[in-house]
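Novice: Hey, can you work out the whole structure from these sequences and the hints?
Each chain is listed here by its residues.
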Amino acid sequence: MVVRYILILAVVAGLLPIAVPWLGFVFTLAVSKGLAALGVAMLLRGGLISIGHALYFATGAYAVAFLMRDAGIGDLLLLFAFATLITTAVGFLVGAFMVRYRTIFFAMLNLAVSMVFFTMLSKLYYITGGTDGLRVATPFLLGIQLSRGAFDLVLQNAALIVMVASALLIDRYLKSPLGEALGAIDTNEVRLEYLGVSARGVIWAAYTVSAGLAGLGGAISAVAIGHVVPELSYWTVSGQLVLIAVLGGIGGVPGAFIGAFFLELVRTFAVGVAAEVWNAIIGISLLIVIFFLPEGLYGLIQRLERRRPNPK
Amino acid sequence: MIANYLPLIVDGLADAALIFFVAVGLTLVFSVLRILNVAHGSFYALGAYLSVVIGTFAAGHGWPVLSLGALVISPLLIAPTLGPLIERTLLRWTYGRPQALQILVTFGLFLILEDLQKLVFGVQPYSQDISMQLLGTSHIGGIVYLNYQLLLIVLAVMVGICLRLLLKKSRIGKLIVAVVADEELARTVGINAPRVFVFAFSIGVFLAALGGALASPTIGVAPGLGAEIIVLAFAVVAIGGLGQIEGAALAAILVGFTRAAAIYFAPEFQPVAPYLVMVAVLIIRPYGLFGSIGLRRI
Amino acid sequence: MNPILAVRDLRISFGGIVAANGIDLDIYPHELIAVIGPNGSGKTTFLNLCTGYIHPASGTVTFEGKAITELPPRTITRRGIARAFQIPQLFAGHSVIENVMLAVAARHGIWDVMRPLVRRSYRDEAREILDLLTLGDVADRLTAILPEGMRKLADIAIAMALKPRLLLLDEPTSSVSTMEKIPLMDTIVGVLRAEKITALFVEHDMDVVERYADRVLVWDNGRVAAEGPPHEVLHSADVLERIIGVT
Chain A
1 MVVRYILILA VVAGLLPIAV PWLGFVFTLA VSKGLAALGV AMLLRGGLIS IGHALYFATG
61 AYAVAFLMRD AGIGDLLLLF AFATLITTAV GFLVGAFMVR YRTIFFAMLN LAVSMVFFTM
121 LSKLYYITGG TDGLRVATPF LLGIQLSRGA FDLVLQNAAL IVMVASALLI DRYLKSPLGE
181 ALGAIDTNEV RLEYLGVSAR GVIWAAYTVS AGLAGLGGAI SAVAIGHVVP ELSYWTVSGQ
241 LVLIAVLGGI GGVPGAFIGA FFLELVRTFA VGVAAEVWNA IIGISLLIVI FFLPEGLYGL
301 IQRLERRRPN PK
Chain B
313 MIANYLPLIV DGLADAALIF FVAVGLTLVF SVLRILNVAH GSFYALGAYL SVVIGTFAAG
373 HGWPVLSLGA LVISPLLIAP TLGPLIERTL LRWTYGRPQA LQILVTFGLF LILEDLQKLV
433 FGVQPYSQDI SMQLLGTSHI GGIVYLNYQL LLIVLAVMVG ICLRLLLKKS RIGKLIVAVV
493 ADEELARTVG INAPRVFVFA FSIGVFLAAL GGALASPTIG VAPGLGAEII VLAFAVVAIG
553 GLGQIEGAAL AAILVGFTRA AAIYFAPEFQ PVAPYLVMVA VLIIRPYGLF GSIGLRRI
Chain C
611 MNPILAVRDL RISFGGIVAA NGIDLDIYPH ELIAVIGPNG SGKTTFLNLC TGYIHPASGT
671 VTFEGKAITE LPPRTITRRG IARAFQIPQL FAGHSVIENV MLAVAARHGI WDVMRPLVRR
731 SYRDEAREIL DLLTLGDVAD RLTAILPEGM RKLADIAIAM ALKPRLLLLD EPTSSVSTME
791 KIPLMDTIVG VLRAEKITAL FVEHDMDVVE RYADRVLVWD NGRVAAEGPP HEVLHSADVL
851 ERIIGVT
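Chains as they are written, first to last, in the numbering used here: chain A, 1 to 312; chain B, 313 to 610; chain C, 611 to 857.
Because the hints were derived from the structure by calculation, they are not lab data.
C-beta: ideal position from N, C-alpha, C; glycine also.
Careful, some of the hints might be misleading.
[Unchecked claim] In silico DSBU-like links for lysine-lysine, alpha-carbon gap of 30 Å or less:
1) C:Lys791 / A:Lys175
2) C:Lys806 / C:Lys791
3) B:Lys430 / A:Lys123
[Unchecked claim] Sample of chain A residues at the chain C side, in silico, Cβ under 8 Å:
4) Gly72
5) Leu195
6) Gly196
Specialist: This is the structure in structure tokens:
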């Protein structure tokens, strides 16, 4: 079922940029945000809300910038690979501390770390370019330097492949014993421990994977936009990711990408009109989805409410 | 010898005072409502903006002294209006629901308030330090101190004592303590829990707005203030222990001193100093200095 | 024969209440031990102490010759002790069979990301246990909406899916109707004897105790006040006086 959704999505997404060329860029950005939101959605399964996942999005993006500028790596695939690896490692380390906490503490600690990162990115001018950020030149592909137009097309297709691959892999993860155990943590962590399973270990694994996803998303975004700024780690970005994850609750894995497309499309059209109140729109949308569209929170609310003896 | 460090101590305590107002409000709301309000920082920012606006207006019309009053008028306007409004509409819906949903709701509120603030007050920084200037300086032991800082410290101590008296001696305070201890039981004996919640939440809003108003003469009030302060307030509350008022006071002092010391000895670390302290404390005591987590009965 | 579980002088207090007041006991392999005693005498605390949910102020717990006193529940479970709870601890968002499959998966190794949880081998294993405990018909129902008696059975099914060598049951028949108690216990005890599982069960129903227990331990004020075979213990005036008000 999920595979069907993903394939439909892939076909539509693949054809769209050809039909409407300027949507290609929107598509690439949507995939980048969708990946990060998928990471947030994974953690939501375990009842854990990360309102600071922008941290990993920014890490992936800045990793690309640093790799190009300081390590002389210019190949697109290598950039993606290394940026993802670096971010996964950061997630692994931060996760070691995070997994001792649940719900409130978990959410706020993630927020705190992402904001500290934002502050550091803004202040360490000589390393990070400060509030101006860093430029990301057009990478080359397998030794070939393409024109920007051709490159964008390649990037779109790369994003498409990444989207399909990650969706399938994460779907598999969530249906595996380790993935189902993640869901069990939310409903009865004590019982899980009494099964001989380390709840912390299960969360740590999911957290690390979710960081990697967000890092890859950030890397794609960096290459697509050509510029990285500290705002990539700001809490408003985390907010968008949470909204996408919550909005796309329908169908779990494809939902994150559906939500991301939807949001990016709205943003493209609203940019002229509502740029000033974009965060308020995200906030109101979040509240609307929570209050009035439980289907949007299908997976989340259904599972959470099941914990109570008398279901709705 | 201590005299050499007096300026540092005063700076640290003044900073601690400002932090205390916000942190104690956050922790109080949590202890009563069991909600960690992510939007708490927005009330701080609103308190700051409103205070600056009133103060500037007052000064412009020839009543500079009123700008001092603005420091208290601002939270007094914000708390009784926004407090009940938000508690009755948004928060009430989340009671009894999973904590994850509560976080999402207050986070959504935060996003909305931040943009609302930008719409109303614009994106340019505001600044208004007339109150600070009005109070002047004192010369103690050959060193100059801002009276404003001393005022902050005195106010923080007063607020701390008032809170303690409120919770221990006043009627509403006892109701609050009862609800905190066992909400179900409190309701059973006829305590109007919803009224307690509105009251406690409004006090929390007041404290946050007060913190912002009192801080406004010392900082530039600009967008992003709310986000900055909620993260700091959380760090302080985490250090002290969620729901622990004494913990918030102790943690505020700890963080205030750390920041002041950082400015003197290692300025580059000043922004991250509180978080380093938080991580250090949490590694040793995972739930804060006075915090604890009850084991579920099985 | 060496005891499978040896407890020496276990003590713990909560606030002013002494929940464990020097517990001393030995359980031998393949025994079926009943634990009886008034409410509040510390029976569940004892189970919590044995499984690492709480740690004693002093004393030791030894399982199969190795100390487990300071270990956490997940390690103790992996060593071969499984527990069914007084209030059934189930995964509310999953169906009954999924609950048991999680336990089966945990036993085989939870660190598996490539194949799905819901697979033929796990499903068959889970089905077997569910059928044994008469839960076959509700296998696909969500645990959250089951009646209490079935939730208890589901809890026991999960514990048994772990194939433990020592099974701790906290009031296994408490929400089961009187008519169903005997058939249920017949089944459970049958499996225990067949699989050579040692078991300890906390019980309030003296008929169940008399019928199935090899040995009875009487709890009072946080320690073992009396022990012996059922026909002795359950007819001793002293014991009856202590546990009056429990039936």
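Novice: Need the list of violated hint numbers for this structure, in ascending order.
Specialist: Numbers 1 and 4 - these are the hints that the structure violates, sorted from lowest upward.
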